[in-house]
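Trainee: Each chain, written out:
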Amino acid sequence: MSSSASEPMTSAQRAIWAIVCLAIVLIVVARSFVGHGMGRVYVEPKPMDFVAEVTTSPENASETSSSWKQLSTVEFDAYVSANGYEDTISWVEYDEVPPRAYFAQEAAGGGSIILSWPRTIGLWLAAFFTLAIFSFLYRDNPFYKFAESVVVGVSAGYWMVVGFWDTIVPNLLQRLAPAFSKDYLTPGMELPPGGFDTTNLVFLIPLVLGFMLIGRLLPKCGWLSLWPLAFIVGTMAGLRMVGYIESDILSQTKETVIPLYVQGENTSSTFMMIWSTIWASLAQVLLVIGVLACLVYFFFSVEHKGAVGKTARVGIWYLMITFGAAFGFTVMGRIALLAARVEFLFDDWMWLIDPMQQREFVTASVGLLF
Amino acid sequence: MIKLLENLDRRWIFLAMALCVSVPILVIGLTGVTFPETPTPLAEAFFAEVDRAGEAKGRRANVLIALDYDPASAGELSPMSASLVNQCSQRGHRMYFISLWPVGPQMIDDSIEKVIKRYYPHLVYGEDYVNLGFKAGNEQVIKVMGIDLTTEFRTDVEGTTLSKIPMMEGITSLEDFDLIAEISAGYPGSKEWVLYAATQYDIPLVSGMTGVQAPQNYPYYPTQLKGLLGAIKGAAEYEFIVNEYIRRSRLEELLVASGLDPAVAGPLADEPAQIPAWTTSAAAASMTPEAKADLIDAATGATPGEFLEGQRRMGPQLFAHLLMVLLIILGNVIFFAQRRRGGSA
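Quick note, the sequences are listed as chains A and B, same order. For the first sequence, the working numbering assigns the number 1 to the initial residue and increments by one for each residue that follows. For the second sequence, the working numbering assigns the number 371 to the initial residue and increments by one for each residue that follows.
No lab work stands behind these hints, which were simulated from the structure alone. Treat the numbers as computed from the prediction; the structure is a model and nothing was measured. The C-beta atom is built at its ideal place from N, Cα and C for all residues, glycine as well. Do not take every clue at face value.
The list that follows gives simulated cross-link-like pairs (lysine-lysine, DSS-like), each with its CA atoms no further than 30 Å apart [stated by the list, open to error]:
#, chain 1, residue 1, chain 2, residue 2
1, B, 513, A, 254
2, A, 254, A, 182
3, B, 427, A, 254
4, B, 373, B, 427
5, A, 182, B, 534
6, B, 484, A, 46
7, A, 46, B, 534
8, B, 487, A, 46
9, B, 513, A, 182
10, A, 69, B, 487
11, A, 69, B, 534
12, B, 487, B, 534
13, A, 69, B, 484
A few chain A residues facing chain B, derived, Cβ under 7 Å [to be verified]:
#, residue
14, 110
15, 114
16, 192
These stretches of chain B come out as covered by chain A in the derived footprint (C-beta under 8 Å, 3 or more residues) [stated by the list, open to error]:
#, region
17, 436-448
18, 688-695
Kindly generate the complete structure, drawing on both the sequences and the hints.
Mentor: Right under this line is the structure:
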C-alpha cells in the first residue's frame, strides 16, 4: 500500500472516482425531490412579553425595587391597550420543532410553525463543511483549504471573545472596576454591598503581568514577558507537583501494594469459586509483575543483561500491550466521531434515516429506496 | 495479488472504511435494531456510584456534572452525558452543571434541552438543576473550587447571583457535593479532576472519557475513579444500563400507582416482557384500560432515539474494526512477502 494520494491517478482510477462522486451527487439531488425533501429546520415562534413591575419594601415605603414580569400574549395585549408600550419589553424566541410537527400542521391546514431560513442555511453549511473536510481524503483541494481556514479563523475569534467575557471581565474588570462593569459590560452583576473592596487591588498584579506578557510582541520589550512566564511556570510547577505526588505517586504506590491471593466470589459451585479465585489472584499477580517489570525497563543505571534484561523484556511486552490497547481505543474513538458525522449527514441533512423520530419514518424509507 | 495490494491506492481503504461505517448506520437507522450490550464492571460501577450518591446522608444528592468537551468529541461523549443526566433526573439528584472547556456550555445546554426539558419538564431550574457555565483557568478552577466555590462561580450562566438560586444554599466548596460526574475529552478533564478533587478531597468521582484518554485513566479505578466509561463502548454499556433502569423505574411507578403492593411491583417491573400477559391476569382486573395501555407501552415501547446514540454507533464500530483487523493482517502478509522476496520491508 505504498502509493500515496498525491501521486497521479490512472485514467481508470479517475473514472471510478468520478462515478463514485457522481453517484453521491445524484443521490443528494434525487433525495431533494422525494417525499418532504431534505435538510430543513422548522421553528415555532414564542412571544416573550414583559412589563416592569415596581415593588415597595414592606419595611421602608421609600425603598423600591423593579423587576420584569412575564405576561401571556392576551395579558400583554390587554396591558398595552390600557397603558401603552412604555415600561414593556418584548421579543420573539424561536423554538426548534421536529419536522413532523410542521407536516402535521400543514396536513391540518396551517399553524404557527415556520421554516427557519437561518437555521436551514446553517444546517447546509454544516453539511458542506463536513463534506469539504472529508474531501481531503481524496486529495488536497480548495474546498478543504477553505473549510480549514474557516475553522481556524472562527476558533481564533471564538477564543478571543470567550477570553474577554469569561476571563478578563469577571476575573479582572468586575473586581477592579465593578461600577464600570455593571454600567457597560454586565448589567446583571451585583455591586459589592460595602462599596469597592480595596483588597481587590491585588488584581492589579495580574493586570501588570498581563501587559508584560504582551511585551513579546515588541522586539525591544521581549524580556518583559519573561517575568510573567516565570510566574506561570513556577505556580504551575508547584501546583502540579503537589497534585502528582499525592495522586500519581503515593496513591498509585498504595494501590500496587496489594495481596497476591484474592478469594473469589462465594458461589454455590466449588468449581466457579476456585475459577474466580484463580482469575482474581492472577490479575493481582500480573499487576505487580507489570509494575515491577516496567520500572526495571526504565531503570537505565544498570545494563539490561541477564535477569535485569529479561525483566526489562517483560516490561517491554507490558508496554506493547498498553500501546496496543491505546491504539485500539483511539481507533474506536475516531470511528465513533466519523459515525457521528455520517449520522448527521444521513439524518439531519439528507433525512434518509430517522432514529430520533423527528420526521415520518415512511418518508425516510421511501427516500432511501429511491 | 500481493503486487496489487502493495500498490493499492489508500483511497480505496478510505472508501472501504466509509462503506463500513455508512451501511450499518443506514441499516440501524432504518430498522432501529442495535447490537446487544453486555455491561462491564466499569460501566456498572459508574451506574451504581451515581445511583447511590447521597444515600449515606439520607437526602437528595448534590451531583456536580462537569461536561469538559466540545463538539469535536460530542460523537463519542454526548451519549454518556445524555444517559448521565437521564439517570440523575430519574433518580431525583440535584444537578450542578459546569464546564472547564469554552464550548462546554453549549454541550450543557444540549444535554438540558435534549433530556431535562423534553423528558423531565417538571424539573425546575434553580431547584433541581443549575447551569454554572464555563470558567477559564483549567485545574486552578478545580483547586479554587475545593476551597471556596463562590470565588470562581459568583453567578450562574444567566448572570443570576448564586445567593438567589435556592439549590446553591449550603454549597460552598467541592466537599458539599456527594458526587462529581465528569465527561472528559482531554485537558482539562478526568486527570485533573482526579488530581485536584478526588484525591485531595476524597470526593467520589466517576468519569466518562474519550478512547484516547481511557488507557491513561484505568490505573485510577476503582479508588480514585469510582466508575469509568471508556469511549463509545463505555457509553453504549452505560446507556443500556440506564435505559433498563429507567424502564424498570417507570414500570414500578405505574404499577404502584395502580394500587399494586410495592413488594409485588418490584419483581414484576424486573420482567418487562411479562407485563402484557400480566395485564390480562386477574391481578390486573382492577386497572383501567388506559392504565393497562400505559403499562404495556412503558414495558414494550421503544426507547427514545436520544438514549440509543451510543448503542447505534456500536454497529459501525463492529464493521470498521473488522476492516481494521483485516487491513492489519494484510499489511503483515505484505511485509513478510516482501521480506521473503528480499525487498525492503
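Trainee: Next, verify each hint and record whether it holds.
Mentor: The hints, checked one at a time:
Annotation: proposed proximity of residue 513 of chain B to residue 254 of chain A holds, straight-line Cα distance about 23 Å (limit 30 Å). Only pairs whose Cα atoms come within 30 Å are accepted, and residue 254 of chain A paired with residue 182 of chain A is rejected, the gap being roughly 51 Å. The hinted pair formed by residue 427 of chain B and residue 254 of chain A meets the criterion: a straight-line CA distance of about 28 Å does not exceed 30 Å. Under the criterion of a C-alpha separation no larger than 30 Å, the hint pairing residue 373 of chain B with residue 427 of chain B is inconsistent with the structure, at around 69 Å.
Using a Cα cut-off of 30 Å, the hinted pair residue 182 of chain A and residue 534 of chain B holds, with the two alpha carbons roughly 18 Å apart. Between residue 484 of chain B and residue 46 of chain A, the direct Cα distance comes to roughly 19 Å. Compliance with the 30 Å bound is thereby established for this hinted pair. As the CA atoms of residue 46 of chain A and residue 534 of chain B are separated by approximately 27 Å, the hinted pair is consistent with the 30 Å bound. A threshold of 30 Å between alpha carbons decides the hint, and for residue 487 of chain B with residue 46 of chain A the separation of about 16 Å falls inside it, so the pair holds.
Taken as a hint, the residue 513 of chain B and residue 182 of chain A pair is honoured in the structure, with Cα atoms around 28 Å apart against an allowance of 30 Å. For the hint pairing residue 69 of chain A with residue 487 of chain B, the CA-to-CA distance comes to about 22 Å; that is within 30 Å, so the pair holds. With a C-alpha separation of about 17 Å, the suggested pair residue 69 of chain A and residue 534 of chain B falls inside the 30 Å cut-off, and the hint holds. For the hint linking residue 487 of chain B to residue 534 of chain B, the alpha-carbon distance of about 22 Å falls within 30 Å, and the restraint holds.
Pair hint residue 69 of chain A plus residue 484 of chain B holds up; C-alpha atoms about 27 Å apart against a cutoff of 30 Å. Here the hint on residue 110 of chain A is broken, as its CB sits about 25 Å from the closest CB of chain B, past 7 Å. With a least beta-carbon distance of about 20 Å to chain B, the hint placing residue 114 of chain A at the interface is violated under the 7 Å criterion. Nearest Cβ of chain B to the Cβ of residue 192 of chain A: about 11 Å, over the 7 Å cut. The hint is violated.
Closer than 8 Å: that is the beta-carbon criterion, and the region 436-448 of chain B has 5 residues meeting it against chain A, so the requirement of 3 holds. Figure legend: the region 688-695 of chain B, annotated as covered by chain A; annotation consistent (3 residues with Cβ-Cβ distances under 8 Å, at least 3 required).
Of the numbered hints stated above, those contradicted by the structure are hints 2, 4, 14, 15, 16, listed in ascending order.
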